[in-house]
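Student: Starting from the known structure of chain A, fit chain B onto it as the hints suggest.
The listed protein sequences derive, respectively, from chains A and B. Taking our numbering, I'd label the letters of the first sequence as residues 145 to 559. Taking our numbering, I'd label the letters of the second sequence as residues 145 to 559.
The hints are simulated quantities; they were obtained by calculation from the structure and are not laboratory data. Here the structure is a predicted model, which means the values were calculated and not measured. Check each hint, because a few of them may be wrong.
The list treats identical chains as one, so a pair stands whether inside a single copy or across any two.
Unchecked claim - Keeping only pairs whose Cα atoms sit at most 27 Å apart, straight-line, the calculated DSSO-like set for lysine-lysine is:
1) Lys157 with Lys253
2) Lys253 with Lys156
3) Lys210 with Lys445
4) Lys219 with Lys452
5) Lys253 with Lys192
6) Lys326 with Lys169
7) Lys169 with Lys325
Read off the chains here:
Number of protein chains: 2
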Amino acid sequence: MSSRSVIETSGKKVRTKNISRRVRKIVISPIKEMSILADTAAQESKTKIISFGQGIPYWDTPDNIKRGIVRALDKIEAAKYTLEPGITELRELVAKNIERSRRVPKVSKEEVMITVGCQEAVDCAIATVIDPGEEILLPEPAFASHIEQIIQFGGVPKFVPLREKNGWHLSLGECARRITKKTRAVLISNPSNPTGMVYSKSELTALSALARRKNLVIIADETYDFLTYGGAKHFSPASIPWARERTIVCGSFSKKYAMTGYRVGFAYAPEGILYHMLKVHDALAICAPAISQLAAIAALKGPQTSVKTAVRRLAENRKAICRELDALSDILTYEKPMGAYYILAKLKRPNTDSFRLVLKILREASVVVIPGGAFGPTGEGHIRFSFAGKPEEIKTGMRRFRAWAKKWKKENYAL
Amino acid sequence: MSSRSVIETSGKKVRTKNISRRVRKIVISPIKEMSILADTAAQESKTKIISFGQGIPYWDTPDNIKRGIVRALDKIEAAKYTLEPGITELRELVAKNIERSRRVPKVSKEEVMITVGCQEAVDCAIATVIDPGEEILLPEPAFASHIEQIIQFGGVPKFVPLREKNGWHLSLGECARRITKKTRAVLISNPSNPTGMVYSKSELTALSALARRKNLVIIADETYDFLTYGGAKHFSPASIPWARERTIVCGSFSKKYAMTGYRVGFAYAPEGILYHMLKVHDALAICAPAISQLAAIAALKGPQTSVKTAVRRLAENRKAICRELDALSDILTYEKPMGAYYILAKLKRPNTDSFRLVLKILREASVVVIPGGAFGPTGEGHIRFSFAGKPEEIKTGMRRFRAWAKKWKKENYAL
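If we strip away everything but chain A, and leave its shape as in the complex, we get (with noise of 0.2 Å):
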């Protein structure tokens, strides 16, 4: 599957002897290979490289946060490893948050463990529903690393095809034609990374009913639960009393308090699956780092305007990035995003290889954006981009785009 990498595809060779089949057949999340590439790209050339790559919101972390951190600093907790499943106080507080939020009733700190991101918690979700061999549904396009976490323990991942011209929504009928005897799961991003899309209550529902006639597992990662436009909302199948109990919500600080580096999320499930949860998350982690767990009390306990001004960034730039996509009409076309912070795109020349079209654009145009094809075979002939950067390297970003993208046609669409 060396085709699902940036770097392989631009020429690297790979060591292959004591490398185990399961870590060969995995890639490093495109998504951070191009942040790769682009920092060595950085280091020969002298423009400055514009990322619509990884999805970092632009902001600083607020202050309120960083002053509950430095006066963590004061106490010896900051230093030293937590209880396993987190710090007590903030297990609380994600419960708390997560009736508010999900409109779940009675939810438990019992419920609740902290992790290294909302990525540790989806490793210690699939680690605990599947043995090697067995399947989980992923609708896709879907989160990049998903695909690699699914296959790392062992599993495949059984894509669902989602349809683009029905705004990235899902058909239950693919889903449930692709339920075998080894269906243990179904892996949802919601809001999606990588489309934009927000499914809705009664998909959700329909999709519950059909986890808990096949006896499977509802997984689903909501980092961008906060962050939705146009009026669209989040809705979580924890909240369906009837599916709860088959539910694993994964959620973080990372996006809606600017904390990607902290390395700090949660993991929400019934008592008798997170039991086994932690076992997994001990012997990745042992715990999520104690620094970022204060600073996340701090998070949740502080003023929340930086969300709200977080949410109104973000709509503003969607709405500017929406208008330059529209520009270039001749080359792409789009769903219009309802929430989180990226738009994949579909380029219009058919068969268009795009991992070897984003080095190209990389190369010429020095603009970083995500190879569809990383996002299952849906994504092929599309290219991904996130609108969480700064305004105004949004707009050089997209002019030189544009440029590239005119010179591209001119060359035919070569590659």
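Tutor: Chain B only, in chain A's frame:
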């Protein structure tokens, strides 16, 4: 394998519906189970629990490191994902540090990645070298988590019993006899947690030669490389020129700089192996916490006096606890630790179930020790003491333990 869990030994019922066989087979490391049980016991009782359990240095992170964190908060770098292999400056500093501390010539930053503690470095190594069903030689008593980490990735820990009478050293013959067609690596903890044994240069040279002959990877967990006593010297297989190409060193900032809560460590491996380990790291954590990486930079660039103080404090603790244990020779014997800060003491009473025993000790003496059975079959009939706690707590704790031991003897060692 529920007998490896203290919590399950204490009678907890566990959900199995929707839970993978893989995860049903692993446990939360009993080291952390004891922390959880102690926390619950502390809430229920009025006596302060004294812990000889989880290995956490008792002092706070040095001031120069904390000042480094406060300075780092001013830069937006602390808020954001770092490049996935780690901050370049830190990788360079670690490379230099490996050259000096392990006498490995010409280490490049391309051979170093920064991880979520040593724990995650070991996970990345394991996933990279084995496929489900394959084996890793594990000299035991081994660090408890190493057992779970191997099983979690579908592997089989192939136990090689260490020789207690020989200061817990390795028998190369025992090692060689356990190699099969499915063996891919050997995983050592050096200095050893839980035995305090320090592998000698000749011992590791012979082991490395065996690894070369059988095409095995050597994974060396060197968390305690800085911490040896009485003239013992730490030696790394990475410093053997012909072994370097098959050696993965996993290291830590946790114990050396009193930073266990920060979750920052590193892996050092040949570039061709590290390339694959990075894929696992990406899927597990994206990157190590930025703030902790910045703290680690401050640790490596700052004065190293705190490390000398750490070694002195722990050498004093070692003397004190050995004196106490010497006075308990009617119920236990032990090998003097030459490195790390653990003692694995052998109970004189044969066939004592260490899991039930530690629950009894916690209940009756309000003292935490770790069941030897957590470290592998050869560890059964032993209990582990960490001596990284405060000197006055070691004193009080051992007083309680002595009183309890007397009573236990009177009860004719009932469980």
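Student: Are the hints correct? Go through all of them and say.
Tutor: For each hint, the structure was consulted:
1. Lys157 with Lys253: Classified as between: cross-chain Cα gap 19 Å, same-chain 48 Å, threshold 27 Å.
2. Lys253 with Lys156: Result: close only across copies, 18 Å inter versus 47 Å intra.
3. Lys210 with Lys445: both (13 Å within a copy, 23 Å between copies)
4. Lys219 with Lys452: This pair counts as between: shortest inter-copy Cα distance 23 Å, intra-copy 31 Å.
5. Lys253 with Lys192: This pair counts as between: shortest inter-copy Cα distance 24 Å, intra-copy 46 Å.
6. Lys326 with Lys169: So lysine 326 and lysine 169 pass the 27 Å test inside a copy (20 Å) and across (20 Å) alike.
7. Lys169 with Lys325: Close inside one copy (24 Å) and across copies (22 Å); limit 27 Å.
Against the hints set out earlier in the document, no violation occurs for any number.
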